[in-house]
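Asker: Chain by chain, the residues:
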Amino acid sequence: MITLKRSRATRSFFFLGNRQRELLTKIVSYAVLSVGAFTMLVPFFWMLSTSFKEPAGIFKMPPEWIPDPFTLENYVKIWQKTDLARGFANSMVIAVVSTVGEVFVSTLAGYSFARIRFPGRNVVFAMLLSTMMIPGVVTMIPAFTLFRYLDWIDSWKPLIVPLMFGSSFAIFLCRQFFATLPEELADAGKIDGANQFQIYWSIYLPQARPVIATLAVLGFIARWNDYLGPLIYVRSAEKYPIALMLTTLNTMYEKQWTLLMAGSVIALIPIIVLFVSLQRYFVGSIALTGIKG
Amino acid sequence: MNRLFQRKRELTLNQRDALWGYLFVSLPIIGFVVFAAGPLVVSVILSFAEWDLLRDPKWVAFDNWRQLLTLTVKEVPQEIDDATGEPLFLCARQKVPASQVAEIEGTIDTRTGGVVTCEPRYMPERDVLPSGYRTALSFDLLGKHYLIGSRDPLFWESLYNTLYMLLAIPISLVIALGLAIALNQKIHGKSIYRMLYYLPVVLPIAATSLIWMWIFNPNFGILNYGLGLLGLPADINWLQDRHTVKPALMVMSIWGGLGYQMLIYLAGLQNIPNHLYEAAKIDGAGLLAQFRYVTWPSLTPTTFFLLITGMIAGFQGFAQPYIMTNGGPYNSSRTVVMVIWSNAFRDLQMGYASAQAWTLGVLIMLVTALNFVMARRWVHLEG
Amino acid sequence: MFKRLLAPLALVLVVVLGLPGMAVAQEPVELTFVGWGGPDEIEVFEHLVEVFNERNPDIVIKYQPIPTDYTTTLKTMIAGGTPPDIAYVPDGDFSAFAPRGQLVNIQPFVDASETFDPDGVWPSALGRYRWDAETKTFGQGPLYALPKDIGPTILYINVDLFEQMGVPIPSHTEPMTWDAFVDLARQLTVDSNGKHPGEDGFDVNSVEYWGLGEIWFEDAVFNNGGLIISPDARTFVMAEDQNAIDAVQFLSDLVHVYQVAPGSDQTASMSIGQMFEAGRVAMTTNGRWGTTTYRNVLDFEFDVIPFPVGPGGVTAYLDQEDCAFSGWSGSVGVGIIAGSKGEEYAEQAYRFIEFIAGPEGQAEQAALGFQIPNQIELANSDVFLQRDQYPAHAEVFIEAARCQPPGPWTRTPNYDAWFSDLFWGSVWPAVVIDGVELAEDALYDAAETFQEGLDAAWQSIE
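Residue numbers (this note's numbering), protein chains in the order written: chain R, 1 to 293; chain Y, 1 to 383; chain D, 1 to 462.
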């Protein structure tokens with residue numbers, strides 16, 4: 001064991017009673033967290049505030065937090081002047097379809113790696129995992145040439161189809177999860193003469209709700225926020241997902257900050273709503289992935 | 001004989017299972033070949049070729065690699081005046097031989113009203129560096145002037161920018177750890193705090209870029225306004241000034257990554273067995289010592305994980321500088337992936353861009369491997 | 001019995017035989033048209049497309065403005081096999097598309113046209129969309145696109161500021177010499193203590209009004225008789241052309257020696273463009289396209305004057321004579337993309353291009369104020385001159401349109417790759433922004449790389 005010298009500060013801290021020490025720690029913690037949280041949120045307040053201002057109002061110095069006059073005109077204009085609704089729909093389609101595919105295929109594969117013995121299982125698993133180590137930048141160009149050869153440029157296919165083959169991160173998570181489930185569950189099914197797929201579908205999969213929820217949320221958010229992918233592969237304005245559309249708004253309406261802020265608020269709302277309502281599942285699992293990593 | 005035939009007639013349960021197993025992983029395997037292994041091989045091959053997508057590829061062997069990676073170091077002597085044979089100096093934009101420097105230095109420049117200063121005039125880089133090379137870096141050492149020449153200085157400059165901006169990671173980790181410790185205390189509202197901090201992480205970069213561009217606005221942004229309130233210089237054009245653009249982008253990326261790191265640290269903190277703290281307290285350890293001997297060592301695997309994932313992501317930074325500054329001003333915020341992007345999609349040089357992509361990829365893998373090696377020294381695995 | 005059947009039979013026959021005919025006659029050709037622009041320009045084009053579609057029932061133009069990254073998007077669409085039919089072709093990208101066979105040769109249509117008069121169009125506007133595939137030269141040969149505008153560059157001045165400082169407005173027809181220009185700019189540059197550059201106690205960091213914002217570098221070079229590339233566009237000559245070197249050095253001196261233009265320290269918080277709009281700069285460069293913004297945004301009277309001309313004289317466009325001053329003019333063209341449906345229906349596609357480039361399309365665009373009509377006659381009329389609005393001396397643009405050559409980017413392929421990156425990333429900051437290197441040194445050092453890049457650019461279209 002380690003013997004330590006006591007420093008003056010900690011000694012004086014020690015002199016405080018236990019309760020007082022706890023109180024001080026609490027106060028400091030609250031202070032730190034609140035200051036931090038405030039700093040994190042200032043950009044949002046500012047964005048919200050600007051979105052309700054009239055164009056001339058943004059040039060007022062000192063900057064006013066509560067717009068006066070307060071107006072909703074930006075929110076109206078943004079729907080009329082731009083194709084924001086379509087961007088939403090596009091993002092929705094891309095994110096939902098690809099996430100559903102990814103989750104399904106990944107759980108299937110994860111189950112297989114965890115619960116089915118077949119020759120070469122570990123080798124194949126290691127192989128799939130190794131792709132996580134490859135920086136995306138290396139495959140970016142050949143992937144582009146492949147998709148060009150398939151004539152998939154200017155469509156959503158390059159964004160959706162690769163995920164239909166599962167993703168190594170998701171497979172990894174699923175395998176880890178399924179490995180923790182008891183083997184006896186399968187036995188009951190086998191006695192009934194069920195094949196592997198039925199065992200997977202009716203016995204193990206229902207247990208996997210937390211993992212599925214995590215993957216679904218993580219996947220959805222990743223696709224919703226994806227910028228580089230659409231930037232390379234989506235060319236027609238009508239197919240733009242929301243991520244691209246926002247930057248084009250920035251160019252088209254360059255100095256109209258009030259309008260742009262309204263657009264950003266609208267684009268952020270679904271994510272915020274999704275996150276706030278599902279954060280229970282989500283936040284805990286994030287932590288899990290960190291530890292296992 | 002009969003028994004042999006009998007065994008082969010129907011598949012055993014294990015063999016049937018194996019078939020199911022293969023079936024289930026068939027799609028990921030195909031995906032691996034088509035979208036990972038295949039492109040990997042292709043990009044290596046591409047790096048040895050020249051291809052603009054419109055005409056056929058052309059094999060160029062190591063040309064791309066040589067163009068990208070060769071460096072040379074040269075000493076640069078002072079330029080000699082042809083007429084007098086003396087070394088030349090530059091005073092107020094005029095070339096002055098050494099003998100006249102004393103008279104001119106210190107006089108007043110009639111055009112500007114300022115004092116004239118002289119400095120040595122070095123030979124032009126073109127006469128010093130081999131053909132095709134330009135200065136990537138110049139420095140003085142022991143009284144002599146040197147140049148590091150490269151055939152693609154922009155690539156090296158972007159590499160410097162990318163590495164510079166990686167410094168945001170340790171800063172961010174320190175803040176995240178502090179926040180996680182605070183959050184780990186017995187306080188209320190933990191889940192709300194968690195949510196608030198994690199929120200920036202899930203937001204699309206396109207939207208947050210707009211907000212931050214507005215914040216950094218030199219005339220109407222709240223950053224300068226806040227600085228002004230504190231009495232600090234308040235007219236910096238954060239995104240348009242070469243010297244401040246990288247720190248500004250770093251601040252924004254810290255904001256966007258802090259929540260995730262804090263969560264991971266929090267989980268790590270919660271995983272530290274209490275008995276370790278008890279033991280330390282018994283030994284008389286104060287708060288600081290507890291941190292140093294219990295908390296920090298237990299968190300080293302977490303720190304390691306965050307460092308690695310942070311660096312892999314940081315090396316490949318693209319969207320943020322692309323949207324915020326497009327590499328400007330004067331390439332001071334141009335990252336490596338931006339250079340690869342413009343080589344591939346603007347200039348249609350697929351081969352050269354592949355070589356650049358591989359260089360970055362190898363660098364990332366080397367750094368990761370290096371981290372793993374060094375981890376033995378400072379990462380305490382759970383024993 | 002036959003008689004009774006005859007009528008219905010005839011009807012059926014007519015319908016059956018006539019249907020395909022009717023279908024063919026009524027089915028219009030649908031062609032996609034891509035471009036870009038701010039909301040105003042998009043509106044104008046939407047209207048032009050509407051008018052055209054009405055007048056040409058056999059064609060339906062679908063207008064799809066591309067919001068960002070126009071050139072990269074267009075290149076990817078072409079490379080990816082989904083090209084649009086008709087597209088904006090900025091003059092700088094023309095040199096990338098034409099040699100690669102990505103634009104349709106429209107010369108036959110122009111020749112056959114009874115409504116489009118090439119001689120009535122600015123020579124430099126038309127010339128930059130010519131490509132001679134045999135001699136591999138830009139600027140001559142058949143046309144591969146028609147200009148939709150020509151935008152010369154010029155010096156805008158803040159008339160109110162001149163009056164405030166008691167400085168007479170320079171001539172709108174006779175350009176100044178460099179020395180006279182520096183003197184003028186000095187009088188217009190004043191710091192918070194009322195001091196001008198060169199006077200005792202002048203503080204460059206507390207300047208309130210600047211005489212000059214900036215002169216764009218090609219404008220400086222062409223107004224000193226300099227060249228960036230040789231006439232055949234194969235050699236990079238700037239590093240050996242003393243006129244060009246002097247021009248760049250002049251720009252650097254304006255900032256660092258004469259102190260009449262702001263340097264990077266002073267533009268840290270406000271760009272030069274913003275400074276001009278805020279009324280803190282007396283003269284600065286912009287293209288004709290700036291006029292629209294200025295009309296909406298400026299709260300002072302603005303006008304235009306020619307660039308100052310240096311000792312080296314004037315580099316004018318080709319065979320234009322008696323040019324008092326020069327500079328560069330920009331332009332965006334409209335062309336048919338090869339390999340698209342537009343090529344199949346080239347005749348119809350050309351009709352649309354001609355409409356945009358012809359007098360009617362030009363008049364509508366000119367009303368917006370950001371360009372000069374193609375037709376010289378139109379430009380000399382009130383359609384362009386717009387005497388009731390600023391700038392009061394719009395005829396300065398006319399002379400500019402006549403005399404200014406297109407930018408060097410129109411005459412070589414891959415200009416960004418071989419010139420822009422290196423010049424703007426390395427030469428310009430060192431020489432003009434920071435003022436730490438002499439123009440001749442920086443250009444000398446970079447000359448080989450420029451030439452190599454230029455050679456590679458020409459090679460890439462072999």
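Treat the hints with caution; some may be incorrect.
Below are the DSSO-like pairs computed for lysine-lysine, each with C-alpha atoms no more than 27 Å apart in a straight line [what the hints assert, rightly or not]:
no., chain 1, residue 1, chain 2, residue 2
1, D, 341, R, 81
2, R, 239, D, 195
3, Y, 281, R, 26
Partial chain Y-side listing against chain D, Cβ under 7 Å, derived [claimed, not checked]:
no., residue
4, 58
5, 123
6, 126
7, 134
Hint data in this document are derived by calculation from the structure and do not stem from the laboratory.
All C-beta atoms, glycine included, are put in the ideal place defined by N, C-alpha and C.
Asker: Run every hint past the structure and note whether it holds.
Answerer: To see whether the hints hold, each was checked on the structure:
1. Between the alpha carbons of residue 341 of chain D and residue 81 of chain R the distance comes to roughly 30 Å, so the proposed pair goes past 27 Å and is violated.
2. Between residue 239 of chain R and residue 195 of chain D the alpha-carbon distance is near 58 Å, which puts this suggested pair outside the 27 Å criterion.
3. A distance of roughly 19 Å separates the Cα atoms of residue 281 of chain Y and residue 26 of chain R; the hinted pair therefore holds under the 27 Å criterion.
4. Hint status for residue 58 of chain Y relative to chain D: violated, with the closest Cβ pair at about 11 Å, above 7 Å.
5. A least Cβ separation of about 10 Å between residue 123 of chain Y and chain D goes past the 7 Å threshold, and the interface hint is therefore violated.
6. The interface hint given for residue 126 of chain Y holds, since its Cβ lies 5 Å from the closest Cβ of chain D, which is under the 7 Å cut-off.
7. Interface restraint check for residue 134 of chain Y: the shortest CB-CB distance to chain D comes to about 6 Å, inside 7 Å, so the restraint holds.
Consistency with the previously given hints fails for numbers 1, 2, 4 and 5, ordered from lowest to highest.
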